[in-house]
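2 protein chains.
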Amino acid sequence: MKRQVYFISDGTAITAETLGKSLLTQFEQIDFEFITLPYVNSTEQITNIIELITHNQRKQGTLPILIVTIVDTKLRQQLKQCDAFIVDIFSAFLTPLEMELNAPSVSATGAQRNIDHHQYADRIDAVHFAIDNDDGAITREYDQADIILVGVSRCGKTPTSLYLALQFGIKAANYPLTEEDFGSFQLPAVLKPYKNKLYGLTINPLRLQSIRQARQANSRYASMPQCQREVREVEAVFRKERVPFMDTSNASIEEISTRIMDAAGLRR
Amino acid sequence: MKRQVYFISDGTAITAETLGKSLLTQFEQIDFEFITLPYVNSTEQITNIIELITHNQRKQGTLPILIVTIVDTKLRQQLKQCDAFIVDIFSAFLTPLEMELNAPSVSATGAQRNIDHHQYADRIDAVHFAIDNDDGAITREYDQADIILVGVSRCGKTPTSLYLALQFGIKAANYPLTEEDFGSFQLPAVLKPYKNKLYGLTINPLRLQSIRQARQANSRYASMPQCQREVREVEAVFRKERVPFMDTSNASIEEISTRIMDAAGLRR
Chain D
1 MKRQVYFISD GTAITAETLG KSLLTQFEQI DFEFITLPYV NSTEQITNII ELITHNQRKQ
61 GTLPILIVTI VDTKLRQQLK QCDAFIVDIF SAFLTPLEME LNAPSVSATG AQRNIDHHQY
121 ADRIDAVHFA IDNDDGAITR EYDQADIILV GVSRCGKTPT SLYLALQFGI KAANYPLTEE
181 DFGSFQLPAV LKPYKNKLYG LTINPLRLQS IRQARQANSR YASMPQCQRE VREVEAVFRK
241 ERVPFMDTSN ASIEEISTRI MDAAGLRR
Chain H
1 MKRQVYFISD GTAITAETLG KSLLTQFEQI DFEFITLPYV NSTEQITNII ELITHNQRKQ
61 GTLPILIVTI VDTKLRQQLK QCDAFIVDIF SAFLTPLEME LNAPSVSATG AQRNIDHHQY
121 ADRIDAVHFA IDNDDGAITR EYDQADIILV GVSRCGKTPT SLYLALQFGI KAANYPLTEE
181 DFGSFQLPAV LKPYKNKLYG LTINPLRLQS IRQARQANSR YASMPQCQRE VREVEAVFRK
241 ERVPFMDTSN ASIEEISTRI MDAAGLRR
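Line by line, the protein sequences are chains D and H. Residue numbers 1 to 268, in this note's numbering, belong to the letters of the first sequence in order. Residue numbers 1 to 268, in this note's numbering, belong to the letters of the second sequence in order.
One or more hints might be untrue.
Which copy is meant is left open, because identical chains are indistinguishable; a pair holds if it fits in one copy or across any two.
Listed next, the in silico DMTMM-like pairs over lysine to aspartate or glutamate satisfying Cα-Cα at most 20 Å (straight line) [stated by the list, open to error]: (1) K59 - E98; (2) K80 - D146; (3) K192 - E51; (4) K21 - D88; (5) K21 - D122; (6) K2 - E33.
Everything labelled a hint here was simulated from the structure, so no lab data went into it.
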């Protein structure tokens, strides 16, 4: 039987999900079922949620876990009537922070918070930059790039470029290294002027093979010898040209992105 | 003088940043300076961090705030020697969770956690789907789409599609409504078979004008009458064709994405 976990928030619930999942991945032996309830802003909604949880709990038999990010104190109090194990994030940290900062916290709900249009525009611009400069499509904007990712096809360049843009507003281009670039064991001429912006991604050939196989089954592109050869040659180029690189085989997009930023000294 | 905030983690620090920022936006009157320190896994690193923070604090005069997600108990203990206000997320919640779940938590560091290759592949596929199906580029894959975003140029379709893919593994296509689609006050023929997958985005004409102006200054495309006309006509189409829609003017990408999922009943 899965243990039910509810992420309950007055906003997007992304904070509750991010924190909750990072806490619960510490319990690998337990199977969780996640239910997300965003935009909870009224006593009526809380009443309905308590009813839903109580109903589900009768079937489950175990105490549900609630990961809660609701700013309004009254709504949080109301939710405590629920028979559940509650991780109440704002209760735990807001009051101590208010004392330390010697300031009251704003009781605005997530939904009413103003967004920073300037920072928002940076992220949007970075997303369009990543798309325009995906897969070596164009190279004339490389002087504006914060970083240029290089590696074989399907090693994770595109999702990493987009994550860097969306999460951090970083302008990341990416350029695929293909067979034409190997053999000579050097970087394509178009990349040479930007050597200090390059960051290499590599991948375990077995993992690469399984990714390519899912896309183009039984092609030469997805064959084991081809994957092995490409990875071997691209790593030789990275080493010879002193391009810093990392292995993406067992890393999440988040981890690849933050490791690159850390290594390249890019500010978030 | 800005108040210094350090996000310190044994992994990417994304959880610490997400939670920390959502706590600190509750204090609008205070100016914070954010410093992120990811991949902190050794006593040597903690020693250096305490030195850095102590050094900075002498200049600042105020107590720094540490938002910490480190699993290893010994490293957390060591960090407590630092003269700072510490929000220790795992200390606050892991022990109570261990008791409730009647299970010990894994003391693996974030870096050593295994990633779920299956879920990872879904996200990557969704990212490639979003790029291939960006801006109406192709329409033949719409039967595979979870959702198709429609709206005028620069109302937020592309970043939202990509966020839905990266964060939630949702396959989102997007299709721009242009002048050719107006006047007739109906949906383009290519969208009609997928009416139940459509979700509209609209935007305040003033905000649209400022976004377009930044991209193509003083063009007809960025002129106020043009922005007003496009928004008015696209909203008329949404209403006539009963396409659900939302205003993106004051919403973050995260909020647009989660509202769409909520409205369209898409599971995370």
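To see whether the hints hold, each was checked on the structure:
In this assembly of identical chains, K59 and E98 lie within 20 Å of each other by CA distance neither inside one copy nor across copies; the values are 40 Å within and 23 Å between. For the homomeric pair K80 and D146, neither the shortest alpha-carbon distance inside one copy (47 Å) nor that between copies (36 Å) is at most 20 Å. With identical chains, the CA atoms of K192 and E51 are never at most 20 Å apart, being 63 Å at best within one copy and 39 Å at best between copies. Taking the shortest Cα distances, K21 and D88 sit within 20 Å of each other both inside one copy (15 Å) and across copies (16 Å).
In this assembly of identical chains, the alpha carbons of K21 and D122 lie at most 20 Å apart only when taken from different copies (18 Å versus 28 Å within one copy). For a Cα distance limit of 20 Å, the shortest separation of K2 from E33 inside one copy, 6 Å, qualifies, whereas the shortest one across copies, 41 Å, does not.
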